[in-house]
Amino acid sequence: MQSETKSRVDQLKSPQGDPVAVLRFEGDIASTSKDAVIGAYQALPKDSTKLILLDFTGVDYINSSGIALVIQLLIEASNSGQKVSAFGLSAHFTKVFTMVGITKYAGLYSTQAEALAAL
Amino acid sequence: MSESKTTTVEVRLPTRLGYEKVAMSTAASVAKLMGFPEDRVEDLKTAVAEACINAIEHGNRLNEKLSVGVVLRAGGDALEVKVIDDGKGIGRHPAKPDIDRKMHGEEDPRGMGMFLIQALVDEAEWVQGSEGNSSYVRLVIKLGKEVA
Numbered sequence: 001m002q003s004e005t006k007s008r009v010d011q012l013k014s015p016q017g018d019p020v021a022v023l024r025f026e027g028d029i030a031s032t033s034k035d036a037v038i039g040a041y042q043a044l045p046k047d048s049t050k051l052i053l054l055d056f057t058g059v060d061y062i063n064s065s066g067i068a069l070v071i072q073l074l075i076e077a078s079n080s081g082q083k084v085s086a087f088g089l090s091a092h093f094t095k096v097f098t099m100v101g102i103t104k105y106a107g108l109y110s111t112q113a114e115a116l117a118a119l
Numbered sequence: 120m121s122e123s124k125t126t127t128v129e130v131r132l133p134t135r136l137g138y139e140k141v142a143m144s145t146a147a148s149v150a151k152l153m154g155f156p157e158d159r160v161e162d163l164k165t166a167v168a169e170a171c172i173n174a175i176e177h178g179n180r181l182n183e184k185l186s187v188g189v190v191l192r193a194g195g196d197a198l199e200v201k202v203i204d205d206g207k208g209i210g211r212h213p214a215k216p217d218i219d220r221k222m223h224g225e226e227d228p229r230g231m232g233m234f235l236i237q238a239l240v241d242e243a244e245w246v247q248g249s250e251g252n253s254s255y256v257r258l259v260i261k262l263g264k265e266v267a
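Which chain is which? The protein sequence lines are A and B, in order.
The C-terminal position of the first sequence is numbered 119 in my numbering, with every residue numbered one higher than the one before it.
The C-terminal position of the second sequence is numbered 267 in my numbering, with every residue numbered one higher than the one before it.
The set of hints was computed from the structure by calculation and includes no laboratory data.
Possibly wrong hints are sitting among the right ones.
Label pairs and their in silico Cβ distance ranges [what the hints assert, rightly or not]:
hint : chain 1 : residue 1 : chain 2 : residue 2 : range
1    : A       : D47       : B       : E250      : 55 to 61 Å
2    : B       : S249      : A       : S110      : 17 to 23 Å
3    : A       : A118      : B       : K124      : 49 to 55 Å
4    : B       : L181      : A       : K46       : 50 to 56 Å
5    : B       : H223      : A       : K34       : 17 to 23 Å
6    : B       : G195      : A       : L12       : 50 to 56 Å
7    : B       : H223      : A       : S90       : 52 to 58 Å
8    : A       : S110      : B       : T125      : 25 to 31 Å
9    : A       : A113      : B       : S144      : 43 to 49 Å
10   : B       : E129      : A       : A113      : 42 to 48 Å
For every residue, glycine included, the Cβ atom is placed at its ideal position computed from N, Cα and C.
Whenever a hint applies, use it, and build me the whole structure from the sequences.
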């Protein structure tokens, strides 16, 4: 019933020339999305990946279990000294992420260009 | 919610994660017919989804022999949604999630559903059923109100 979460990784450069890994999600982000969210994050090489963007442009539905996965990703990234920002959330999910306090640990931006510029 | 001129829509969901989206879509359709703006429809969808997920996971404990009832009552100025399960119900008010405690491993990253429900609708109450079953959460979203 839930649409399967797909994720892929693109490698970009920040305006300063640093490598940036972009995790792009599609589908629903729910309790069944652990491999697509945490698995995809954990597959990134920790030594060379210090800047991470989460792309939610292709995501229509995120529930509290999905938000918990994002928080779990942020915990692991924080412990590894990585900076995480996100973009592409709808206005509604930007509000929800703000309500639960995620903005304290990850910047939220409308577009990839804005997120990259802020790194 | 005005008692006159109400329209009732009922949905019965299987106790299976993912089917909360059926209740979401139904609630969204009713809210749109009532004239709710898009942002309030989105608030309602998330609140209804979280109420159904709680009913499936915690109320019915994923027991597929049980079902989750969703009753929508559309009045002139408000939409009431009851999500009914066979659990014992919840007797406490939801705490606001503490992101710092979560980030430091002092609080489970999960457990935000009840908070979101309460934050996104105008009224939310959790009612324990008699003899430990038919508990429900009752949500009300009102036309002309905005959640900050």
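Could you check the hint for me, namely that L181/B and K46/A are 50 to 56 Å apart, CB to CB?
35 Å, violated
Look at the Cβ atoms of H223/B and S90/A and judge whether their distance stays inside 52 to 58 Å.
Given range 52 to 58 Å: violated, Cβ gap about 29 Å.
Quick check on a hinted range of 55 to 61 Å for D47/A and E250/B, using CB atoms only.
59 Å, holds
Taking the CB of E129/B and the CB of A113/A, does the distance hold inside 42 to 48 Å?
47 Å, holds
25 to 31 Å was suggested as the range; check whether the CB atoms of S110/A and T125/B agree with it.
With Cβ atoms ~40 Å apart, the hint is violated.
Honestly, do A113/A and S144/B meet the 43 to 49 Å range at C-beta?
33 Å, violated
Take the C-beta atom of S249/B and the C-beta atom of S110/A, compute their distance, and say whether it sits inside 17 to 23 Å.
For S249/B and S110/A the Cβ distance comes to about 49 Å; the hint is violated.
Cβ-Cβ distance between A118/A and K124/B: within 49 to 55 Å?
50 Å, holds
Does 17 to 23 Å hold as the CB distance between H223/B and K34/A, or does it fail?
21 Å, holds
Given the range 50 to 56 Å, decide if the beta-carbon distance of G195/B to L12/A lies inside it.
52 Å, holds
When held up to the earlier numbered hints, the structure conflicts with 2, 4, 7, 8 and 9 and fits the remainder.
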